[in-house]
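S.K.: Residue numbers (the working numbering), protein chains in the order written: chain A, 1 to 201; chain B, 1 to 264.
Derived from the structure by calculation, the hints contain no laboratory data. Heads up, some of the hints might be wrong.
Beta-carbon label-pair distances, calculated as ranges [claimed, not checked]:
#	chain 1	residue 1	chain 2	residue 2	range
1	A	D71	B	R233	41 to 47 Å
2	A	E132	B	E154	51 to 57 Å
3	A	M7	B	G148	22 to 28 Å
4	A	G119	B	E11	50 to 56 Å
5	B	R251	A	P40	56 to 62 Å
6	B	Q248	A	D188	49 to 55 Å
7	A	E16	B	L71	22 to 28 Å
8	B	P218	A	L21	47 to 53 Å
As a list, the in silico SDA-like pairs of lysine to any residue whose alpha-carbon atoms are at most 25 Å apart [what the hints assert, rightly or not]:
#	chain 1	residue 1	chain 2	residue 2
9	B	K9	A	D182
10	A	K140	A	G25
11	A	K140	A	D53
12	B	K9	B	Q111
13	B	K42	A	T171
14	A	K135	B	P253
15	B	K42	A	A166
16	A	K27	B	D24
17	B	K42	A	K55
18	A	K55	A	A44
19	B	K198	B	R162
20	B	K42	A	G197
21	B	K46	A	K140
22	A	K140	A	S179
23	B	K42	A	Q91
24	B	K46	A	D82
25	B	K46	A	L47
26	A	K140	A	L183
27	B	K42	A	D118
28	B	K9	B	G43
29	B	K46	A	E90
30	A	K27	B	L64
31	B	K46	A	K135
32	A	K140	A	K55
33	A	K140	A	A44
34	B	K46	A	L191
35	B	K46	B	Q111
36	B	K9	B	S31
37	B	K42	A	L21
38	B	K9	B	E32
39	A	K27	B	H131
40	B	K9	B	A23
In this text, a Cβ means the ideal position worked out from N, Cα and C, and glycines have one as well.
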Amino acid sequence: MADAPGMPEPISRLIEAFHRLPGIGPKSAQRLSYHVLRMPEDQAAALATAIMDVKRRIVLCSICMNITETDPCRYCQDSRRDRTVVCVVEQALDILAMERTGFRGLYHVLHGVLNPMDGIGPEEIRVRELVERLKSGEVKEIIMATNPSLEGEATAMYVQRLVGPAGVRVTRLARGLPSGADLEYTDDVTLARAIEGRQEI
Amino acid sequence: MPDRPRTYKTEGVILRRRNIGEADSIFTVFSEDLGKFDAIAKGVRKARSHMRGHLEPLTRSRFLIAQGRSLDVFTQAETIAPYRAVREDLDRSAEAIYCAELVDRLTGERQEHSDVYRLLLDELDALEAGHALHVTRLFEVRLLSILGFELQVEGCAACGGRLAEQDHLLAPAAGGLVCPACRGGSGGGRLISPRGIKVLRFARDASMEQFAGLRIDPELGRELHLALADVIRAVLEREVNAGRFVDQVARLPASRSLTGEHVQ
Numbered sequence: 001m002a003d004a005p006g007m008p009e010p011i012s013r014l015i016e017a018f019h020r021l022p023g024i025g026p027k028s029a030q031r032l033s034y035h036v037l038r039m040p041e042d043q044a045a046a047l048a049t050a051i052m053d054v055k056r057r058i059v060l061c062s063i064c065m066n067i068t069e070t071d072p073c074r075y076c077q078d079s080r081r082d083r084t085v086v087c088v089v090e091q092a093l094d095i096l097a098m099e100r101t102g103f104r105g106l107y108h109v110l111h112g113v114l115n116p117m118d119g120i121g122p123e124e125i126r127v128r129e130l131v132e133r134l135k136s137g138e139v140k141e142i143i144m145a146t147n148p149s150l151e152g153e154a155t156a157m158y159v160q161r162l163v164g165p166a167g168v169r170v171t172r173l174a175r176g177l178p179s180g181a182d183l184e185y186t187d188d189v190t191l192a193r194a195i196e197g198r199q200e201i
Numbered sequence: 001m002p003d004r005p006r007t008y009k010t011e012g013v014i015l016r017r018r019n020i021g022e023a024d025s026i027f028t029v030f031s032e033d034l035g036k037f038d039a040i041a042k043g044v045r046k047a048r049s050h051m052r053g054h055l056e057p058l059t060r061s062r063f064l065i066a067q068g069r070s071l072d073v074f075t076q077a078e079t080i081a082p083y084r085a086v087r088e089d090l091d092r093s094a095e096a097i098y099c100a101e102l103v104d105r106l107t108g109e110r111q112e113h114s115d116v117y118r119l120l121l122d123e124l125d126a127l128e129a130g131h132a133l134h135v136t137r138l139f140e141v142r143l144l145s146i147l148g149f150e151l152q153v154e155g156c157a158a159c160g161g162r163l164a165e166q167d168h169l170l171a172p173a174a175g176g177l178v179c180p181a182c183r184g185g186s187g188g189g190r191l192i193s194p195r196g197i198k199v200l201r202f203a204r205d206a207s208m209e210q211f212a213g214l215r216i217d218p219e220l221g222r223e224l225h226l227a228l229a230d231v232i233r234a235v236l237e238r239e240v241n242a243g244r245f246v247d248q249v250a251r252l253p254a255s256r257s258l259t260g261e262h263v264q
């Protein structure tokens, strides 16, 4: 599709590049490419620079594996944060969600979850770095904030078994009903846990 | 498409999930009457999805599915068995994921295998009930047999001769145990002890519960685990990804040691 006869080479290359992005089909790739072609040059240059900056200026925080421009990242540098609690998340975006809750401890980004069938084991995610971090003894609690899916639960249990003997308290985010949920459609496991975790009002 | 929309009902176990786009997922189901098939659930990753919890991998559910042009679409799902005890225990999760991967890799699309379905439920039920993890060995033996790779454990797989009471080679290429005389041309394998051979024979027609009740010590458990893994690797001509995970979990602290896997 990109190599339609008569298509100038730079355009077909751009179409190819867009096509490789997730969720972009051949038609969308063509549309985006022609849009870029009609853009003012400064806009196109800004797009290109933004893409390059992401690749050149973003690094992984050497402490928590968060994506950052400075190493250590702003969370790890912030002395007002509780350094005894580490919230373990699947991806860097989850930190933003946790920040909105008012959580003010530290983080650790795994960059994935265990997915045994797809061959994603502990070596493929940032578990080893977490274990290393605990050696200083400063961290007293790990909050496993992986998704409540089969893979997320397996990851949480794996980490718990791995670091449990080190004397660190490992906790898991509570599971229950999301706001706006319908009881009648709720799955049995969620409902059962919601009952177990019920609270007095 | 002028085709009238058609829906059908079935029940099955979710084997795996692949996320597609922003909020959709494709699930591989092993169904009682349809065998293995893929279907898509639209918007299932949104917080308000009605089907989300009912489509978790390793859940047994009832589905209402609409025929789609390329992929069928889940329209309703309701849990029959959530296998909660399995998903809340790392060792049991690992065994169950391993079995799900075996079913996924060894069966073809839309080939009915109610016997495989029954076997998978037996395994999940046994793990849920807290039975010994070595029930997976029975699962492996029976799955191979249902799918036409029955292990020859009675006589020599090469010459058909009687097997004396001693260690014998389980040779994947020969499809079973081979006697000492046939070992040379058998393509190699792993030695199985007389006790191991008895367990393999018992696994052919024992019930899950009977098999779970066997006392299998760490050494024997490991012997059978490795030998059957060899056979499965030969049949699939590749590694089972989740098999590596089972071993990684077994190596964790506060668990069975590596030699102690699959033991009561």
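S.K.: With a cut-off of 25 Å on the C-alpha distance, tell me whether K42/B and T171/A pass.
M.R.: Answer violated: K42/B to T171/A is near 32 Å, above 25 Å.
S.K.: So if I understand the rule, the pair passes when the alpha-carbon distance is 25 Å or less; does K46/B with K140/A pass?
M.R.: violated (34 Å)
S.K.: Given the hint that K140/A pairs with S179/A, does the C-alpha gap stay at or below 25 Å?
M.R.: violated (31 Å)
S.K.: Tell me if the straight-line CA distance from K9/B to G43/B falls inside 25 Å.
M.R.: holds (20 Å)
S.K.: Given the proposed pairing of K198/B with R162/B, does the C-alpha separation stay at or below 25 Å?
M.R.: Holds, because 15 Å separates the two Cα atoms, which is no more than 25 Å.
S.K.: Does D182/A lie within 25 Å of K9/B when you go C-alpha to C-alpha?
M.R.: At roughly 23 Å apart (the allowed maximum being 25 Å), D182/A and K9/B satisfy the hint.
S.K.: Sort out whether G25/A lies within 25 Å of K140/A, counting only the CA atoms.
M.R.: Status violated; Cα separation ~47 Å.
S.K.: Indicate whether the distance between the beta carbons of G119/A and E11/B respects the range 50 to 56 Å.
M.R.: violated (29 Å)
S.K.: Does A166/A lie within 25 Å of K42/B when you go C-alpha to C-alpha?
M.R.: Since the Cα atoms of K42/B and A166/A sit roughly 43 Å apart, the hinted pair is violated (cutoff 25 Å).
S.K.: Given the range 22 to 28 Å, decide if the beta-carbon distance of E16/A to L71/B lies inside it.
M.R.: Holds, since E16/A and L71/B (Cβ atoms, about 26 Å apart) stay within the stated range.
S.K.: Holds or violated: K135/A and P253/B, Cα atoms, limit 25 Å.
M.R.: Given that 25 Å is the threshold and the Cα spacing comes to 16 Å, the pair holds.
S.K.: For the pair supplied as a hint, K9/B and E32/B, confirm whether the alpha-carbon distance does not exceed 25 Å.
M.R.: Between K9/B and E32/B the Cα gap is close to 11 Å, so the pair holds against 25 Å.
Of the hints listed earlier, those the structure fails to meet are numbers 3, 4, 6, 10, 11, 13, 15, 17, 20, 21, 22, 24, 25, 26, 30, 31, 32, 33, 35 and 39, in rising order.
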